[in-house]
Structures are given as structure tokens and as C-alpha cells.
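Just so you know, the protein sequences line up as chains U and S, in that order. Counting along the first sequence from 1, when you hit position 48 you're at 47 in numbering that gives the first Met the number 0, and nothing is skipped either side. Counting along the second sequence from 1, when you hit position 193 you're at 192 in numbering that gives the first Met the number 0, and nothing is skipped either side.
These aren't lab readings, by the way, just hints derived from the structure by calculation. This one's a predicted model, so the numbers in the text were calculated from it and none came from an experiment. Among these hints, one or two may not hold up.
Same chains, same label: a pair holds when it works inside one copy or across any pair of copies.
What the hints assert, rightly or not - No more than 20 angstroms apart at the CA atoms, straight line, and that leaves these computed lysine to any residue pairs for SDA-like:
1. Lys381 <-> Val276
2. Lys48 <-> Leu252
3. Lys381 <-> Pro267
There are 2 protein chains.
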Amino acid sequence: MAFDPQRALADLDIIAARTGGLDDGGARRLCWSDEWLAARAYVRSELEKLPVEIATDEAGNLWAYLRGDGDGIVAVGSHVDSVPNGGWLDGVLGIAGALEVLRAAADRGTPPCTIAFVDWADEEGARFSRSLFGSSAASGHMVPAELADLLDRDGNRLEDVVAACGVDLARVLEAGSRLQGIRAYLELHIEQGPVLESEGLAVGTVLGTVGVERARGRFTGQAAHAGSTPIRQRRDSFLAAARTALELREIALRHGGVCTVGGATCTPGIVTAVPGVTEILIDQRHLDASVLAVMKADLAAAATRIAAEEGCGVVLEPIWRIDPIPFDDDLIAIARAAVRDVTGTDRALPSGPLHDAAEVARAGIPTVMIFSSSTNGISHAKEEDTPREHLALALEAYGRAVDRVVGGADA
Amino acid sequence: MAFDPQRALADLDIIAARTGGLDDGGARRLCWSDEWLAARAYVRSELEKLPVEIATDEAGNLWAYLRGDGDGIVAVGSHVDSVPNGGWLDGVLGIAGALEVLRAAADRGTPPCTIAFVDWADEEGARFSRSLFGSSAASGHMVPAELADLLDRDGNRLEDVVAACGVDLARVLEAGSRLQGIRAYLELHIEQGPVLESEGLAVGTVLGTVGVERARGRFTGQAAHAGSTPIRQRRDSFLAAARTALELREIALRHGGVCTVGGATCTPGIVTAVPGVTEILIDQRHLDASVLAVMKADLAAAATRIAAEEGCGVVLEPIWRIDPIPFDDDLIAIARAAVRDVTGTDRALPSGPLHDAAEVARAGIPTVMIFSSSTNGISHAKEEDTPREHLALALEAYGRAVDRVVGGADA
Numbered sequence: 000m001a002f003d004p005q006r007a008l009a010d011l012d013i014i015a016a017r018t019g020g021l022d023d024g025g026a027r028r029l030c031w032s033d034e035w036l037a038a039r040a041y042v043r044s045e046l047e048k049l050p051v052e053i054a055t056d057e058a059g060n061l062w063a064y065l066r067g068d069g070d071g072i073v074a075v076g077s078h079v080d081s082v083p084n085g086g087w088l089d090g091v092l093g094i095a096g097a098l099e100v101l102r103a104a105a106d107r108g109t110p111p112c113t114i115a116f117v118d119w120a121d122e123e124g125a126r127f128s129r130s131l132f133g134s135s136a137a138s139g140h141m142v143p144a145e146l147a148d149l150l151d152r153d154g155n156r157l158e159d160v161v162a163a164c165g166v167d168l169a170r171v172l173e174a175g176s177r178l179q180g181i182r183a184y185l186e187l188h189i190e191q192g193p194v195l196e197s198e199g200l201a202v203g204t205v206l207g208t209v210g211v212e213r214a215r216g217r218f219t220g221q222a223a224h225a226g227s228t229p230i231r232q233r234r235d236s237f238l239a240a241a242r243t244a245l246e247l248r249e250i251a252l253r254h255g256g257v258c259t260v261g262g263a264t265c266t267p268g269i270v271t272a273v274p275g276v277t278e279i280l281i282d283q284r285h286l287d288a289s290v291l292a293v294m295k296a297d298l299a300a301a302a303t304r305i306a307a308e309e310g311c312g313v314v315l316e317p318i319w320r321i322d323p324i325p326f327d328d329d330l331i332a333i334a335r336a337a338v339r340d341v342t343g344t345d346r347a348l349p350s351g352p353l354h355d356a357a358e359v360a361r362a363g364i365p366t367v368m369i370f371s372s373s374t375n376g377i378s379h380a381k382e383e384d385t386p387r388e389h390l391a392l393a394l395e396a397y398g399r400a401v402d403r404v405v406g407g408a409d410a
Numbered sequence: 000m001a002f003d004p005q006r007a008l009a010d011l012d013i014i015a016a017r018t019g020g021l022d023d024g025g026a027r028r029l030c031w032s033d034e035w036l037a038a039r040a041y042v043r044s045e046l047e048k049l050p051v052e053i054a055t056d057e058a059g060n061l062w063a064y065l066r067g068d069g070d071g072i073v074a075v076g077s078h079v080d081s082v083p084n085g086g087w088l089d090g091v092l093g094i095a096g097a098l099e100v101l102r103a104a105a106d107r108g109t110p111p112c113t114i115a116f117v118d119w120a121d122e123e124g125a126r127f128s129r130s131l132f133g134s135s136a137a138s139g140h141m142v143p144a145e146l147a148d149l150l151d152r153d154g155n156r157l158e159d160v161v162a163a164c165g166v167d168l169a170r171v172l173e174a175g176s177r178l179q180g181i182r183a184y185l186e187l188h189i190e191q192g193p194v195l196e197s198e199g200l201a202v203g204t205v206l207g208t209v210g211v212e213r214a215r216g217r218f219t220g221q222a223a224h225a226g227s228t229p230i231r232q233r234r235d236s237f238l239a240a241a242r243t244a245l246e247l248r249e250i251a252l253r254h255g256g257v258c259t260v261g262g263a264t265c266t267p268g269i270v271t272a273v274p275g276v277t278e279i280l281i282d283q284r285h286l287d288a289s290v291l292a293v294m295k296a297d298l299a300a301a302a303t304r305i306a307a308e309e310g311c312g313v314v315l316e317p318i319w320r321i322d323p324i325p326f327d328d329d330l331i332a333i334a335r336a337a338v339r340d341v342t343g344t345d346r347a348l349p350s351g352p353l354h355d356a357a358e359v360a361r362a363g364i365p366t367v368m369i370f371s372s373s374t375n376g377i378s379h380a381k382e383e384d385t386p387r388e389h390l391a392l393a394l395e396a397y398g399r400a401v402d403r404v405v406g407g408a409d410a
């Protein structure tokens, strides 16, 4: 039986019915929880119907291997875990697509090469604020000692929580051996943004994950009485921050990236005082590392100029950064062709959010992703949704792209 | 002996040495505390050296009457209480000035009319966030039932705390009888702002206290992923709030008032999300009620226009307001003349902060204030200071103005 998007949609409905979806407050598959394990148990039960070898690696990632004739492994996967009150599609769409890849391939007999299915553990990082747990362990970018003492909201240590699920934090990097022999990784995901929908498109090909520069901007002026300090004698840190936030939008538009001020905190922060200190959280993203560097420099120049004009000082304290991770040109071409064949449209776009695919690509494995549209661009919320016909088209394109890669030279 | 500013300065030094000043972390005369009582005890001890009748009224205000020949009473006073880690001059400068008025008048014999000294209780409201306790009780603008259950940081009820100082909250409005017969009230205070200093002036006359309009501006856009949402598809509540804050500055400059955004709060307020909701605290002030009304309308128009341009909604929720309280024209003229005589300069300015004098004026009693300069415009902080020569000039001008009013027609 051929790759059937409807079977994958049925899997999604079952998982949503068991562990939360659109109609009951959203997904509850927080990693390392009972409901996460329940969703995994369903996936495993479906895998057990196929002629595959199932294994869980040292980082808690679930693998299933459909052995093939040729050399090299093509890997397919995503994650079943969700944020609390999350959406019914984030992650699990790719799991349903990968599962259907195995079903269709097994139906046709021994594939031209081995196909590996993977459900990465704790992609969201929603419990310990540390995302991409399983895939970063496999890629070797995790430093386990940095994670051991992270606490969840109830004060539980990460090391203890993962141990209860059979994961020994000291050994998680051994999961890296699972990447040996993988010559391609393909992942299907919802866009989690409004680009495809706004252009009337169901499916798109992902060029890579954007680079991110995050900083805390601390503007220091002079706290002063709101009633007794004339406007022209103020050094208002909030107005300096406000002008910088507006300039950040111009920087993003000028360079075709995104810049966001996610929050602001004023000190003393009372209605009767000019804010002496204002801190803003700044996030800048671009797919091109050199353009991102220019955006970062533009921010520094703008903040310094504006602060001086407002009689304030400013310090931009880096919080976190990651380089852009471009996907593989050949796989991008295959995915674009598959999307074009299925939908009649061809749109390639960067991914703003990170994904397990980024960790796999960082490990040097050729990687690509396919996105379905996201209704209203909403994700990480119970309202997250995608028209079922868009999901079916995305699944179909994904199945075709994997077929082409698995088929290799004869494709 | 004539009015002697140096005696008043010596009082200030003694009170600072006993209850906190410039050199030891700031004033500690938090109302209803032991150190407040200690400062009052010093004032009372000085009053007891004079031929005055001393009384504490039902609201905890300390009065002393130097009886005179004619009808009508001229009142002089301010407050000895301070904010925590406050300045050595806020309030107590006016107490020292008023005390010196009594000393000089008593020295000259029976004055042409009775002079009433008053130390208002809990002007600052620093403990229960309710300022002008004693003066608002006397003016009749307090609603005691609203205050009974206010709690301080340690969970103590206002009603219990004032009771420990002999004040029965149910009877505080009876202090209003103290205002009967008062035909003028004069108060000396530091400016608590930078206007006089920036113009190189030591002393100024106060035209009244400004009207205040306070609101919480709540901008509602759409929370969205900072990575996946293109700039042009955002409805960013923070940027709408930022533009409104900058426009507020233009409104203040256009109308000669002040406007302040004291704080901002973003939801979800994380670096990875476009803020869906941003709240800002807005304060607008002007001495002219009709201009303040225009400023308020300008804010509403600007916020509505900007929010619409940003794809957001906005609600301006009123928090608190007070009308401008203009001081008495005749007393202003007398005070300006006294300041001019002493300093050779004549500057009249509104007061941004409220004062006990505003409550007295609201009660229908002709009122005026004189300000000394404030170094760097700083107040409510241990760094609060004023050059001693400015304090001496302000005290001298205050003494002359009171003399003129007490002297009546022959002045």
C-alpha cells in the first residue's frame, strides 16, 4: 500500500484524543511525563506492527530501523513531546509522517537502503527551559553537566527526572553513535508562523534555521520625580529603550530579518517616577550569518546613538546566540521538487524556530525540512491548527521527498 | 531677636544627627515610628521654650499657638516625617522655618495676630501608600473608612498603627476644627525638582500644585513567535506602547506640562515572543485644569491612532486624578516680593509634587509656598541636598513673607 496521508492523519487524531488536542485544552505531552509516555506507547505500538528493530538510545530517543539492501541510512522523524497546553500538530505531525514512511516502505518490501525512524526526546525543553535535549545529545552539542541541576517548576532536578525515564545523564552523549551511517535526515513540521498561510500556500521547503543573537539592553538614565522634573531636564531610560525598539524594527525590515523586543522592565517602575533604568530583551534572527552580524552591529550603533541623545548610557549584554544552520542544497532541491509536484507551488523559507533537524545538520548530516502552513501562524497554544487538506498535501510531499532520497540514484 | 536662618539650620542639623541625614544613609523619620516620634520630641522641646499653647489634634497633627492681639490666625508649618532612606530637608526644612517664625515673633512680644505652628502627620504616606494623612483629615477630604484596613509591609493595619500613636481613626475628621479662623497658611519646602537650580536660582514662589491624571494604558496586539513571524505580519503591543510613550513627550512639550511613562509590563514578556499585551503607567500633570484636560484628550487620541496603525487595541483605564490647586493670588504676590527682596530674583513655578499646603488650600484657606532649590533635583533619597546659602535665603524670604502677612494692613 502506498504512502497514505489519511493514515497519518488518523494517527494524529488518536494521539490528540489520548493526550490532548484542539478540543480539550491542548496537548499535554510535556516531556518525561506520563502523557508523553502514553503518546510514545501509541507510536511504539504502531511500530511493533512493522518489521522493524526498535530501540531507545542513551538520551531517551526512540528509534526504529527498517533494514534495507544498500549502504547508508535515511532517517525520518520529529518529536511527540509538546509544551503544556500546546498544539495538536507541533512535532507529532512529523512523527505521524515518519511512521507512515515506514509503513509504506515496509509494505513495498525491503527498501533500497535502511530507513531509521526517530522520536527525539524533549525537543521543547518546556519543563527545564532547555530545548533539543535528545537531538543535541546525539549531535554532541550538549554539555550534560550544565543540565544536571536544572529545576522544573516543582523543584525536581533534571538529572533525577530523566533517570526516572531510564536516562542516565552521564551517558547521554553515547546516543551520538546512532548518527553513524545516516546520509540524510528529513523532518516534516508545521511552520509555526504565518508566512505560508498569508501567501495562500499549503506547503513549503525549509532552507535552514536562522541564526539568533539575543541580548539584554540595559539603558541607564536618572530616576526623577514625575511631577517636579521638566521634560527637557530628564534622562528617561524608558524613552531611550522605546526609540531603540522602534529602530530595531527598521533594522529588521532593512535586512529582511526579524528583530523583537520581548519584554521591558523599568526601575523604579512606579507611576510617579521617570524610569532611571530600563531593561529590554532583544532577539535578532537571520538565515545569513553575515547579514545577522550587520544587524547586530546596527543595533549596537542605534542603541548607543539613541542613548546618547537621551542623556542615557546603554549596555548590550549578550544572553545567547546560535549561528544560522543552512540545510543541504541537494536535499532542498529534492524537497522543492516534491512540494511542486504535489501542490503546484514552490516556496522556500527559513525557519525562525529551532528544530531537532538543526542539531542533526550541525552534526554534519545532510538535512532538510518540509513545513505545512499554520492557521493564523499560531503555535505553542491549544488554538494551533492547520487545514486537514494542507496537512495531507504536506504529508504527501514529505513521503515523495523521502522516497526520492531512499531511492537514491534511480530517483 | 530677629528671624535667624542660622538657628533654623542648626535645628535641621540636630534633627538629622538624631534621625538620619546626608551622612548616615538618609532620614529615617517614617511616620508613626519611634524615630518620627524622636524628631517630634525635639520639635516639641523647642516649642516648650516659647510662650505657646501646644496641642496634638485628633489626626495626630502637632499644633502650637502663639497668641496675638488681632483676629484671625496665620498658620505656618510642614511635616517632620520622611520616606525611608529619605532626605534631610524634605518636610523638616519647613518645620525649622515655622519654628523660627514662632521664636522670632515671640521675641518681639505679642504678635498682631495669632500664629499657629503645625507639624502635619504622615505627609509622605510611605508606610501605607496614602499620603497627606493629617492635612487631608483636617481639610475633610479623607474618608477614614477607606484607610482602616490598609496594611504596611509587615502586615500591620493602619488603624492599629495610628492608634498606638494615640490617634482614633474614627475621630480624625474632628481635626478640621483646627482650620477655623485661619486666614492664611504659608509653607516652606525644598523644590524636589531641578528647575530653580538649573536657572541658577536659590528660591522661588509656588503658584499651586499641578493637577494630575493617571492611567494604565493597556495595548493588546497578538502574541507571536519571535522567530517565525515576519515584521509586517506582527501586531506588536510593545511597539504601539513605545510610540505612545514618545508621543506623550511631545504632548507635554506642546502644552508646557509633564507626561511620564513610569513603567511597562509585557505579556508573555519572554525574549522569544512578540508581546501580545503591554501595559504602561501614564502620569500627566499641568497647573491649568483646562490645559490638563486637553493633554488628556491628546493622549487618548494619540494612543487610539497609534494602536490602530499597529493593528492593536488600546484601553486607557483611569487610576487616579486630582484637580490643580492654585494658591492665593495675594499671598503669591507677597511671597514673590519677599523672595525678590532677599534674593534679587523672582521666579514663580508650579509644584509637581503634592504638599500639605494643597490640602489646606482645598479647604478654602488662602495658601502659598516658597521653595528652595534642590541639588540635582533629587529628593526622596539620601542624596537629597541644597546649598546651605540657598537654604538660608529661602528661610529669610519665608520669614519676611510671614511677617508681612502677620503684620496685615501695615505691612
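So which of the earlier hints does this model not fit?
-> Hint 2 alone not satisfied by this model.
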